Amino acid sequence: MKAVILSAGEGTRLRPFTVSKPKVMIPIANRPIVEYVVEALTKNGIRDIIMVVGYKKERIMSHFQDGKNFDVNITYVTQKKKVGKLGTAYALSMARDHIDDEFLAVAGDNVVAPEVISDLINKRKGTSLAITKSNTPSKYGVVTLSGNIVKNIVEKPMEKISDLISTGIYSFKPDIFNAIDLLMSERKYDLTSVIQSLIPKEPVKGIVTRGMWVDAVYPWDLLHVNACALGKAKGKTAGTIEKNVIIKRYVSIGEGSVIHSGSYILGPVIIGKGCEIGPNVCIYPSTSMGDNVQIQPFSLIEHSVIMSDVSIGPTSFISHSVIDDGVRLGTNFTVEHGDADIKLGDKFHKVKDIGTLIGEDTLVRDKVAASAGSIIGARCKIASLRKIEGSIPNRGIIV
Amino acid sequence: MEYINIYHGVRMCGIIGYTGKKNARSIIIPALKRLEYRGYDSAGIAVINDEIQLYKMKGELEHLERILPKLEGNIGIGHTRWATHGQPIKKNAHPFLDCKKKTALVHNGIIENYMELKEELMKEGHVFTSETDTEVLVHLIEKYYKGNLEDAVRKALKDVQGSYAIVVIHLGNKKEIVAARNESPLILGVGDDENFVASDIPAILEHTDKVIYMMNREIATLTEDNIKITTLDGKEITREWERVDWSLEDAEKGGYEHFMLKEIFEQPSAIHRTLLGRILDMDETNFLKIHFDSIKIIACGTSYHAGLIGKYLFERIAKVPTTAEMSSEYRHSSPSFENPLVILISQSGETADTLGAAREAKHRGYRTIAVTNVVGSSITREVDEVIYTRAGPEIGVAATKSFITQLVALYIIAINLGLAKKTLTYDNAKHIKEGLRSLPRYAQSVLDNADMIKEVAKNICHAKDIFFIGRNIGFPTALEGALKLKEISYIHAEGYPAGELKHGPLALLTKETPVIAIAVKDHTYQKMLSNIGEVAARGSPTIAVGYESDEDLRKYVDSVIYVPTIENLFAPIPISIALQLLAYYVAKERNCPIDKPRNLAKSVTVE
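Here the protein sequences come in this chain order: A and B. Okay, so the first sequence: first residue is 1 according to my numbering, each after it adds one. Okay, so the second sequence: first residue is 1 according to my numbering, each after it adds one.
Looking at chain B on its own, in the form it has when it is part of the complex (with noise of 0.2 Å):
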């Protein structure tokens, strides 16, 4: 997949058709604002009226907004974009017409053999206005149009390799919506006399709540009182509607003023959602009962960062050799001789290196676990254990909530382990346990002292370059502070283990350059007060993040965030959360746009 590397390919996009008696444009635009986290950098609409009428622009979607005139027309299309091939420019935002104008589409996904076909049907005389991947889709479609338009994107995609998820109106079936996915996430909305299909549920949500999901390979045809899923090859298939527990009101902010920071202070009714039910009995150990000899995480970003910490709870309290592992870098590694119990972290379920990794593990013969969020998403169609975080929607792109159930969901998974590896002794999983039940408290004392945070944020936020640093279990937590920091508010940040200062990061070290030190009270507690003393010696501002009962730490730095005194082995959920909160503090005081930071996308459903 080469590809990548020319392009910059990237991310994704948001879609949506919809199709019923309403006034399409009318439902269109709010539902691409509801996806306008999905990419921003163009809008566009089109909307069958006695002709297809095309709007397309630049930039986020109130551009297209301001220049959109009413459109009259029960049936249309809409897109927002995040550049993969070509510039965020007008010519190459969706939709997309054929050269008749008769046909429009909308895609999200990478069309591989692009050139190729691009080339053949410019030789046929099609024109092409865009440098998009995309637009050759819509000149195979009119290429093999003859009245059944289901028909003629089947036959399109049958000469396409790559992912997509694509929807596609054309005015000779003024009624009908066809929709195809591979790869590429879509969902069919049922309503009454209405059908919706979108990128993602919020999409649609304010009209309906049941919803089916597309898998692979499959063409679903939406008109106002019908849907008809079939596969690639034409076999026809009858799924039931499931219905969404999750509502939009829980995608609006809510008074915060941003949805980092809503997401942030719904941690510990988050973690309440994560727990419950499961500390009690022990459903979900069915998986621990086949042999394995190690454990492997594969995830990426943040929820590598968690896999990370789960290596270090794998490891103490189950005695299971654990490794984490990135998953665009997994994915393309040679198998070894290793029997791995592998666990998948993704919070949408649809990340690409994520699902990727998930089918090379399975096709070496590996048991698979997902740790995800989302319900019924790709991932948890690829593994043979789903554990779902319970995090609900996140729409920040900066990951918070998910973060921290992702980890609490591999504690939970770390005491059964160690119970059913014998490793754990009934009266050491309850201590444990009443640990996972007071988090919800921790993580409300860390939210409770947010102004604390808040003034350590104005210190530090002129900075250029921070670094995080942390030992043991403190190391990853760091590399998570890092992260967060560095997403939002676009300061140079990275986080390293304490004891690898001297090995290089000691030369980047000046007076302008804070370090935060994750300091808890543990059994490298000393050496990190000698590690603080080495960048101290530096003239490097200090920032130890420690336990409130540890008064001295004090007298070592030049600031202190204090988190609650807890037990060291749940010591990164309270850090996490002060490290969020310093994060898009920081931000805030430089002004960045923190709910969608450049270059950057929720979930990325591309390699």
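Same shape as in the complex, but just chain A (with noise of 0.2 Å):
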């Protein structure tokens, strides 16, 4: 059975993240999320893939190429053009020309258990939807079941319906091009519309999965993901470590990495390869860390994503935060961190225990401190002993 995973969005939501990538490529536990959803197919037996790109789709490309080192066979389709925020079902229809049998259709920007998959393959009957239950319903496609056949599904409903959403994770047969084609004359773009259009013809398959699946919708989300992901990661060390380190619990280390004297790591923590840490560095859970990452002395950072060639000056202090590549923070940069109200577009959220959440390649300066929800962009400057406090652009310059 041939999978098509759905990778060509950009990932608004998520920004400053995908200034530069497009969501399925931010990195989970030092792994692009679509590898997860790769991961879990080929746990399945399922090894031929077709991967619709779109929105900077080198960064898949370079990472996959063929898909063999994955034990895969990746087949790479360009989505031409954009048709607004949700193009699920145009996307697909640009795997047309691979698909001459029973298919799977999977999101690539969930982070996704094997399990979620078996369930759908070993259940599914014709047209059939992998569901999952949800505190938050109100960001998904919520779903209503008769038994195991779907009633309804509507897109971000204002009210509660249901708390059974659906995954994103579809079995169709190749006339589903059909009804897509229908659906697109009358300019709907999306796969829930085209579940919705079948409702009334044939029966619609829910199946209601354990698995884990999970979804970063905002940048804050990501902490929680990446904290879901680590809990399971297997300790492996390579690297030097020097004498008087302690290594306690999961925490893995890559090969041309450093540890320095007198640091102190408590897993689950993660770290990339050529790394230099310490000396007298503490990483608390749960943090991963990329490739090419400094973290200078007598720094403390806990459960926080940082992604590849970031450096950290000493005496810092991080906290339940997000920091993309190539990000430079000078000497003592301070996260507060806790509640906040974050505003993103015109809509305020309330967000628990958050701390500072910073775009690729932006330099600060020494003595800064990040006030809790903040957020700054990609490329930004900030001169030192400042505040930071609330949003700041990209490219922002705070002197």
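Hints are computed from structural coordinates only; laboratory data are not their basis. Don't take every hint at face value.
20 Å max Cα-Cα, derived EDC-like pairs, lysine to aspartate or glutamate [to be verified]: (1) A:56 / B:257; (2) B:430 / A:366; (3) B:253 / A:366; (4) A:80 / B:257.
The structure presented is a predicted model; accordingly, all values stated were derived computationally and were not measured.
Bring the two chains, given one by one in their own frames, into a single complex with the hints.
Structure below.
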């Protein structure tokens, strides 16, 4: 059976982390989100993958190449244009030429456990849809079931209908492309609408799965998703660990990394390749750190996602924060963390226990403090001795 | 080696041999596909069944595939050719058969004394069917064959002068392949109930990752369950196989239209790999403990340009007088009173001229270091120290990630050298290392702005000539920019030091000659602006490559390619990547065969 992974979208709600990479390539426990999807498929014996790519597709292609390193064959299909925010059906239609039998369609931007896919494969009948329970159903396509047949599906309803939501993982027969064509002729381009249109005509099976399915809708969600994934990460240490370093619980350290003396690392923590940590640095759960990261002496990092090529100055404190590739922080960078109201677009979001979010290649000088819920865009420049509050747009300069 | 001039002797071919239980054709044809980048003007295959079934064809491998019937047989050889001797026509394609059609042979290299041998063999009654040097080998083997193929090959090779990698099969030994190498690459692949011989690893990687590297003047005899290696003099050798740590998929395009673009976009991760573990400890400084008073960097083509940039780095960071020379020139130069450290740069580690230069340098008693991408390649056995660039396999003929990683390796050497020579303080070294750490991000940043470069490419793609000018470290960067452009877009392009413009090149400028100026804000910036003024005054379209913080640059030129603002010392990295993209998009606009430019092959294993 073939699978189509939809990974063409930007993931605008995750800005600033999607400035130069698509949402599916944001690292969770040092692996891009879509890699979890690929792994869930291979664990179910699916080797032929059609990847629909679009926004910053080179990032995906350079990572997976032809897929052999991931034990799959990948065919890339480029989505030619953008059709609004929810173009999932349009994106899927791009893969039509490669489909001649029953197939799976999977959103590439959720961390998915293999059980979700096996539940769908084992229980599927005709058009089928994997469903999970959510505490915050209003962010998703909410499903109501009658037995195991989908009665209704509503995208982001205002009132509470049910706590069952669509995972964006489907099993289709090739004739789905006819239904998609029909919908697109009515200028509807999302798969939820396609499913809705099918409900009166044929039974659509809803399969409730207990397998792990986590989604990051907003940038602060990355911390929770990362912690979930890290809980499962296996400990494996390479690199050089100097004397008097304490490492407890699951800690993974990549090749070529050096942990200098006096450092204390409490897992689950994952550290990539070629990093230089310490001396005397504390890293607490649940933190992940990409490749080529440098953390200078006497700093404490906890519950954070630090991506690659980041440099953190001495005596810094970073907690509940997401720091994108290539960010350079000076000495004594301090993050305040706690509950915050974060404004995104016109809406305020109440976010629990959040630190700061920093976009790629931003340069922060010495003794800067970031308040809880602050968002610093990509390629910003922040002078010494500033306090950052609210949001700073990309390329913002604070003198 | 005068023959080179007569025959325009060049380049390399791809060779494969198989013995085992599978259908030989089904192994050989896909393997040849993986070797096609080595040469592609004719191809051929020979498989033993009741007789030797031989098919060959002019042109790309597809032409051969079209005429090729199903072939029975579990032992065979194949070849893709890049003409050295003789026209690229069918009768000159490999494999070659002897008079009785019992021996088949493929060859990469050049037989220097083939004229005499051919005359002699013709006197003895052998009939030649081609103009190639290779054909003498198969007749020599026929002449010496007395039931033992290995002995016949050994005797034949004793008569031969020159370079070769050969693979031979014979009807009298239906389970056996004999291979030999001297100065041309050849590797053995160890399988289960099957064995392989090939000129390059990608050809066999689909079937096995266990590889034995053959050395010069060695003969290997392969059956499906055994590999025996002997020297040309008959001494038996035991050598363990090594596991290859890259995989075939690395050699595939993975969604990109061309290998070149794929490799350009791989550069941030390639830089990561080159740096890995090297900017923390200084394990590779052993070679710096010996005494030398200067550095000589020797390389060809793009690697030579890396060497020219290396010259600036070594002089600036380590204060060691440095010269860069082309391998083909150095190896024939006369020794002088000097005591240099010699650094040889070759992506493949098989470049014939660079290998020759390495031997010459060693012969003169100098300490030698190789910077190469290919583990176990020939050059690694010629030099005292090796620094691997770890760029991963590079398939596109135009060097991209190999160049950038060579530069990174040279920065690393320069820092170590500066520390060893005490011309660099710990603090300065730390500062440069921090710069190195951030290189992957700068590289990524250029790639993220590829669309801007695509636009510039559209404006210049119809030009007949394009000039690149630079000053200081920007000069070799200009040379490399010009080389990239000319080799894949076929636009005539030259790089000049900007100060040399008025000493000649200005005369060539017209309104149709775009000039690309590398204008970074270093101490030569003002002078570069006056050079741009000189060019603009002739009405030539001007394009500057400069830092994104330099907004005024727009005022002086028609268009600007902006790269992220970086310390001047590192400017060649983002600028070179921008110019690679420019060359790529120009070639694409012009519909050029980007991964296989005409008349060029990936690594040049013949002088």
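Hint check:
1. At roughly 15 Å between alpha-carbon atoms, residue 56 (chain A) and residue 257 (chain B) fall within 20 Å of each other, so this suggested pair holds.
2. Distance hint between residue 430 (chain B) and residue 366 (chain A) is fulfilled; the C-alpha atoms sit about 18 Å from each other, no more than 20 Å.
3. Distance hint between residue 253 (chain B) and residue 366 (chain A) is unfulfilled; the C-alpha atoms sit about 44 Å from each other, more than 20 Å.
4. Pair hint residue 80 (chain A) plus residue 257 (chain B) holds up; C-alpha atoms about 15 Å apart against a cutoff of 20 Å.
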